[in-house]
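2 protein chains.
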Amino acid sequence: MNHPLFSKHEDTLHKALDAIETRGFWSPFAEMPSPKVYGESANAEGEAAFRAHLNRTFEIDQPANGNTVGSEASPFGLPLGIRYPQANPAALIDAAAIAQRAWRDAGPTAWIGVSLEILARLNRASFEIGYAVMHTTGQAFMMAFQAGGPHAQDRALEAVAYAWDQLRRIPANAHWEKPQGKNPPLAMRKHFTVVPRGTGLVLGCCTFPTWNGYPGLFADLATGNTVIVKPHPGAILPLAITVRIAREVLREAGFDPNVVTLLATGPNDGEQVQQLALRPEIKLIDFTGSTQNGTWLERHAHQAHVFTEKAGVNQIVIDSVDDIQAAARNIAFSLALYSGQMCTAPQNIYVPRSGIQTAQGAMPFDAVAQALATAVEKMLADPAKAVELLGAIQNDGVMQRIDAARKLGRILVDSRAIAHPAFANARVRTPLVLQLDAATDTAQFTQEWFGPVSFVIATDSTGQSLDLAARTAAEHGALTLSVYSTDDSVIEAAHEASLRGGVALSINLTGSVFVNQSAAFSDFHGTGANPAANAALTDAAFVANRFRIVQSRMHVEPKTVAA
Amino acid sequence: MNHPLFSKHEDTLHKALDAIETRGFWSPFAEMPSPKVYGESANAEGEAAFRAHLNRTFEIDQPANGNTVGSEASPFGLPLGIRYPQANPAALIDAAAIAQRAWRDAGPTAWIGVSLEILARLNRASFEIGYAVMHTTGQAFMMAFQAGGPHAQDRALEAVAYAWDQLRRIPANAHWEKPQGKNPPLAMRKHFTVVPRGTGLVLGCCTFPTWNGYPGLFADLATGNTVIVKPHPGAILPLAITVRIAREVLREAGFDPNVVTLLATGPNDGEQVQQLALRPEIKLIDFTGSTQNGTWLERHAHQAHVFTEKAGVNQIVIDSVDDIQAAARNIAFSLALYSGQMCTAPQNIYVPRSGIQTAQGAMPFDAVAQALATAVEKMLADPAKAVELLGAIQNDGVMQRIDAARKLGRILVDSRAIAHPAFANARVRTPLVLQLDAATDTAQFTQEWFGPVSFVIATDSTGQSLDLAARTAAEHGALTLSVYSTDDSVIEAAHEASLRGGVALSINLTGSVFVNQSAAFSDFHGTGANPAANAALTDAAFVANRFRIVQSRMHVEPKTVAA
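Quick note, the sequences are listed as chains A and B, same order. My numbering applies: residue 1177 is where the first sequence begins, and numbers increase by one. My numbering applies: residue 1177 is where the second sequence begins, and numbers increase by one.
Keep in mind that the hints are not guaranteed to be accurate.
[As the list claims (entries may be wrong)] Straight-line Cα separation of at most 25 angstroms, BS3-like style, residue types lysine-lysine; simulated pairs:
{"no.": "1", "chain 1": "B", "residue 1": "Lys-1191", "chain 2": "B", "residue 2": "Lys-1212"}
{"no.": "2", "chain 1": "A", "residue 1": "Lys-1561", "chain 2": "B", "residue 2": "Lys-1358"}
{"no.": "3", "chain 1": "A", "residue 1": "Lys-1358", "chain 2": "A", "residue 2": "Lys-1735"}
{"no.": "4", "chain 1": "A", "residue 1": "Lys-1212", "chain 2": "B", "residue 2": "Lys-1354"}
{"no.": "5", "chain 1": "B", "residue 1": "Lys-1358", "chain 2": "A", "residue 2": "Lys-1212"}
{"no.": "6", "chain 1": "B", "residue 1": "Lys-1191", "chain 2": "A", "residue 2": "Lys-1354"}
{"no.": "7", "chain 1": "B", "residue 1": "Lys-1212", "chain 2": "A", "residue 2": "Lys-1354"}
{"no.": "8", "chain 1": "B", "residue 1": "Lys-1561", "chain 2": "A", "residue 2": "Lys-1358"}
{"no.": "9", "chain 1": "A", "residue 1": "Lys-1358", "chain 2": "B", "residue 2": "Lys-1212"}
{"no.": "10", "chain 1": "A", "residue 1": "Lys-1191", "chain 2": "B", "residue 2": "Lys-1735"}
{"no.": "11", "chain 1": "B", "residue 1": "Lys-1191", "chain 2": "A", "residue 2": "Lys-1735"}
{"no.": "12", "chain 1": "A", "residue 1": "Lys-1191", "chain 2": "B", "residue 2": "Lys-1354"}
These are calculated hints, taken from the structure and not from any lab test.
Required output: the full structure, derived from the provided sequences and hints.
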């Protein structure tokens, strides 16, 4: 019998299943922060709920050791002053073990139903979470609302749908009957139980705590696992709110809320987290962050199935264009959006040193570089509009990286500080665009310069551009590849380069779809086929290893008589 | 358009898809070596084909370095004298890379169609392969034919069906259209390409080279990967024949046969194989063998997704029975079959020291132990019948293990040599059954004694038996668990123990289904939920990580007009 929460949300689930099958556009969560959808007072209430978290200890009734932890600072300069109850990882492991049994026995429709109910509640908290994302990550509000709220919820729902798509094809029971010639057939009744792997550990990042954290969290929950959520020390609040809502739903549904717990940590707790990641009870790890930490997990947490999203070098190949202005505007937007602090933001823009063809004729390399530079400058000319696009710089590491990058080559557009009209102390920086050369600067541009740093790179030819793009993606990782060409054979070669590099390809984006955006239910985020990520959001491989099947069998009477 | 070989075998594929969904009995490959099915002369021709391999160099036209390798010896005492062309692993990697491009581009229906055609050809070679399995593994002919031929083909087909079940749900194209209020919708055409991971490495074992080797081989092929097959040095021939047939089919279908190659090695080539397993081109490894080697792969081959089947301790819990003779006969068969050289053979038989209940009343521990001992002795009383059940001992390690085990406790049934009526030098040994005690002998019985070694273990109670079974499975691994009880609450407790131990449960087997048998399309072999195996044969998790999806997207005209 289906769990009541499964029945409650079954219509949404079936629409999600249709969506992942056809991969057209679909979302149940409105992406616009519209009063008509979310309620007239939703924005004000959400902001108030966010502000109520400031300068106090976050309330969450889970195992705690009596201390508090927390040192988040808003990139917009707002003092946060939020403390979180500290938990001993061992206590969370123990609590998860106690919670596990009844959760495991509840079975797939309970896991799916509870997950979907949590998502419905998270959607209602989109403004509160949006402000929390804004003031931890530095995203401007609209982006924080969308990426941190409905788009993250979409990605979570997608993971739940993929989980159910696998779970539903495992029969609970089977009748096996093997003919034995003239003797009566052998007959057995078999029972198949889906069992979770154990406890999952979700390691969040500081730029997209919910968008990158939800898929693992919900894939774990939807397959019956318990989960410890360990946010990045710089972006705890969005996941803390999430965990609290998840616990409320679990408790209301009659489960031990310790199915999901929060592990809030400080910046010096890395070793403690590493030790936790090696605990035998931790069977699943979902990580978004640095290549160093992700690779450490992949190489040491042998007891767990480890899903990682790490650094990468995203690339654009410009071969030829109809309208360079439209292409440059689209690219400039991608460079500026959240100051390039997206794992999907482009970094390397390859242009043949001999120039490109446009509808208006040949365009020299320098003119292409200038068109890109001008587009960036024009897009950010008005500070009030610019800050809504740029947001703020999440951390000092990004600030230092901008300074370090200035020395790499000729500056096409320098990064500059912008005063935020609403937040005097906001850390706002425009993109830095440099000119490099494929012949001499490989070491520089084949590493990730996370943040508002990009390179216009002179190549010998589009062939070299594509080869560089494929090799860089394959060897150093990439989540996105973009190509501009009016030549079908180049598009075909770009397609082959994307297969070699194992990276998603966008072709001739000149409108309002941007290479750094990926739409849940339609675009796969990451491929698992290059070092930037060992899994995609979301495909069957992202969920199929999160549960196991344990069977039993016993003799029963045959249904047919002997021949 | 579907590949012609896909269309040719589509009916079989659809039946296999139905079977894995319902998990009832089904097989397209006749398990009886019947002349009516396989042809009147099939047996004689198959044996002749096998004998034609002896004392010569195996012909296979793949990259070779001019040397030969091979030191297989028949456990039945037959000199084999087969040499195999030696290949440098680097040459096979290079050849796979060249073969990969066209194979990748052929796409899913070609991968599935070619895999199914290879299976159809393997089925026709079942006698040749059966004799090859017999004289490398030591299995008696009937088992070698069944397990090495049709049952292995079933497991392979199951893997192909699971692969297709995942591949078929990825649309090749999608139309994505996002409403933009009063503006025209955003519309994109998306294309999804399934790309293989790269080159798979299949590391075979010496007891079930085809049954354990085929699932990985065919899961790799069916998802577009190239494969290097590295048989155990003691059982090369069955996989060499397999690879040759696979290459014939590939060549006939217009592909580079180096999509599948053979790496024949000698007993001292372990380091070379380890180096190969760490090559960056090797993205998938399927291993069956020792815990030591399997764990080494899991901990070092970080570039690959590693599937392992390793050691385990299979267990039987006897609580109460209607008919002890029927239970004892069933257990004795499981102990004797292929001299316990099955990864599924029971080792630990837990019996309460206070005895058990039967339909005839209480039965003391010693009487239960004696009933088991007597059943083993009676079953093997006639040497001519016994050898058809026992087969021969595969290697000296197993012989030495029998001797070492004799010292562990009181001998209930000693292992003895039997003269094989047909093969004077066959290495035939009956099972050794010892009595141990749960209070004192844990260290002995919680490790695997691979071969004809089993223990009747006195426990405090059925509760302790089940707890031991669950803990031993969870900590040391297990592929099978069997329970005998007339009490529903004990069956329920055994079910819970099986979930805790992550091990398949058989209940009250007293007829002609045996705990060490698992039927493709119905029984999952292994669970991945305990240390005996990190994957099951076969579920979605076994195939979903063997391929990736790379997408492209470009703007197109919207299909709907603006609102």
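Here's how the hints hold up against the structure:
{"no.": "1", "hint": "Lys-1191(B) / Lys-1212(B)", "verdict": "holds (23 angstroms)"}
{"no.": "2", "hint": "Lys-1561(A) / Lys-1358(B)", "verdict": "holds (23 angstroms)"}
{"no.": "3", "hint": "Lys-1358(A) / Lys-1735(A)", "verdict": "holds (15 angstroms)"}
{"no.": "4", "hint": "Lys-1212(A) / Lys-1354(B)", "verdict": "holds (19 angstroms)"}
{"no.": "5", "hint": "Lys-1358(B) / Lys-1212(A)", "verdict": "holds (17 angstroms)"}
{"no.": "6", "hint": "Lys-1191(B) / Lys-1354(A)", "verdict": "holds (16 angstroms)"}
{"no.": "7", "hint": "Lys-1212(B) / Lys-1354(A)", "verdict": "holds (19 angstroms)"}
{"no.": "8", "hint": "Lys-1561(B) / Lys-1358(A)", "verdict": "holds (23 angstroms)"}
{"no.": "9", "hint": "Lys-1358(A) / Lys-1212(B)", "verdict": "holds (17 angstroms)"}
{"no.": "10", "hint": "Lys-1191(A) / Lys-1735(B)", "verdict": "holds (20 angstroms)"}
{"no.": "11", "hint": "Lys-1191(B) / Lys-1735(A)", "verdict": "holds (20 angstroms)"}
{"no.": "12", "hint": "Lys-1191(A) / Lys-1354(B)", "verdict": "holds (16 angstroms)"}
Of the numbered hints given earlier, the model fails none.
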